[in-house]
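S.K.: Chain by chain, the residues:
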Amino acid sequence: MDASMEEQIATMPVPEKTKEQLRASIEGKAITGDQFSTITAAVITEYERTRIEACEAVGIVAAQSIGEPGTQMTMRTFHYAGVAEINVTLGLPRLIEIMDARKEPSTPTMTIYLRPEFRGNRDRAREVSWQIEAAPLHEFADITTDMENMQVVVQLIIAQCEKRKITPATIMENSPKKIRERRHYRDFEHEIDEAKALIRFFPKDIESYQNLFQLADHVRNVIVQGINDIVRVVVRKEGEEYVLYTEGSNLKDVFEVEGVDISRTRSNNISETADILGIEAARNAIIHEALSTLNEQGIHVDVRHLMLVADMMCMDGEVKQIGRHGIAGEKESVLSRAAFEVTVNHLLDAAIANEVDELNGVTENIIVGQPIQLGTGDVKLIAKPRLRV
Amino acid sequence: MSTINVLDHVMVPEHKIMSEEDVQALFSRYHLTSDQLPKIFHDDPAAKAIKAKIGDVIRIVRFSQTAGIAESYRLVIKRPKK
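Same order as they appear, the protein sequences are chains A and B. All letters in the first sequence, in the order written, are residues 3 to 391 by our numbering. All letters in the second sequence, in the order written, are residues 982 to 1063 by our numbering.
Isolated chain B, as found in the complex:
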């Protein structure tokens, strides 16, 4: 395999694993449970690049055409078998 880093690509926004406290703060702020978050598969190239494990929450800082910068969150889950 080559050593391309997908996070360098212009279409891939910044991905970061959130700390436990940040996750709790996020959940209490929006009154959420983890299963209400959008998902990302554990073998997603971007999730692999930041070495995220199943159950982690990833903060995604997107470039947005309307807001400039927009934050989003995804829960890492196992890719279901077909």
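So here's chain A without its partners, still in its complex pose:
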């Protein structure tokens, strides 16, 4: 392969991947100029043949191609898939969740990759996981409710603090603050005994046992280390590196934790991905999530159908569901919307607003009994009689 061939390949009107494959297949073979032009011509014709034709109803094809294999999916599955111990919704419920563009998936999880300094060693990976997993105060301390003196006594366990790499001083300083800020409970006083690693909490109303127990509850459960939404973290070795899997998702806060590889960490919460990483990332997330949900069930749908769905969902700059509040419900045409759901309301509103239907789509043209603008129906032929000279 010489430079001129390389140049010709680079300017061919075919996708980058086809060019790569062509380069790989003729690499190291003695090919004459004539043979080369035959090959490139054949590649271009073959590529043109695989392209979808203009006016083809790709949406219908995509719907059918996802829908039919979808009937083979398990109705309800709550697998402990991929990672032992972490519960992830899969199968049909998950697919519906993706297409509905729910704000919060029923089982949010994250896959957290680590920076090179942390990924090779289980203990270092565990250190990062301590910073992420939400840990309530009772994991670090013995908490007793002293009813005689109306107080809650927190005796920190130094060994536990050391194990989870947090100093008793930080806990003592933070926990009263966090009860006020995060749990919005303010009716108490506290006293810190630095030397004994002891905190005492007193309810404001020293007569009320109810308040004492309420306070004890807040003290037990206040999150002193980690990120609030992330309930559990599992460290797992994947190939050469350690990866963290979480139950609960919070991309924004996890990105700020030291040791997290920001460029690869992802969440299965699509709407969160859209907020933090943008609409294009959300599009990729939809494709990735839908494809892996289908593949996990042993169903192989061509990725182009899912790409179309993801493109439609992300068209307007935000993730829209496929359904009445999204793509189907916001169509331009009144008749098309009326054919989908709540017919009378749509027609009534359209009549009040004096809406005009341009009859551009398929549904509305079928309703009025006209040829649809698809396939051969979209072509307008004009015969020009040849002028006799």
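To be clear, the hints were calculated from the coordinates, so they are not data collected in a lab. Honestly, I wouldn't trust all of these hints.
As the list claims (entries may be wrong) - DSSO-like cross-link-like pairs, simulated, lysine-lysine; straight-line CA separation at most 30 Å:
#1 K105(A) / K333(A)
#2 K254(A) / K1032(B)
#3 K1020(B) / K165(A)
#4 K105(A) / K1029(B)
#5 K1062(B) / K180(A)
#6 K1029(B) / K322(A)
#7 K21(A) / K997(B)
#8 K179(A) / K1020(B)
#9 K1063(B) / K19(A)
#10 K179(A) / K1062(B)
#11 K997(B) / K105(A)
#12 K105(A) / K1059(B)
What the hints assert, rightly or not - Which bits of chain A does chain B cover? Going by a derived footprint, with three or more residues having C-beta under 8 Å, they are:
#13 5-19
#14 222-232
#15 256-268
#16 316-323
In this text, a Cβ means the ideal position worked out from N, Cα and C, and glycines have one as well.
Here the structure of chain A is known, so what remains is to put chain B in place on it, guided by the hints.
M.R.: Just chain B now, kept in the frame of chain A:
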């Protein structure tokens, strides 16, 4: 706020603001008007990262599983109020 750059993330493809001439060339090539393009909000993290203004057209070079590399375009619009 931290200083994370969303463009470094593997799920975020390359975003670039197109020049006026490129936009015109694109529109005449596909016989388009700007409102026919897909949209991106002005406060989208990726749009903010490249400092795009309302009315700009962004060229997005995606990695594609079928084509290898695929180009796409989005018009920057103001996020509508709820």
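S.K.: Tell me the numbers of any earlier hints that the structure contravenes, in ascending order.
M.R.: Hint check: 3, 5, 8, 9, 10 and 14 fail, others pass.
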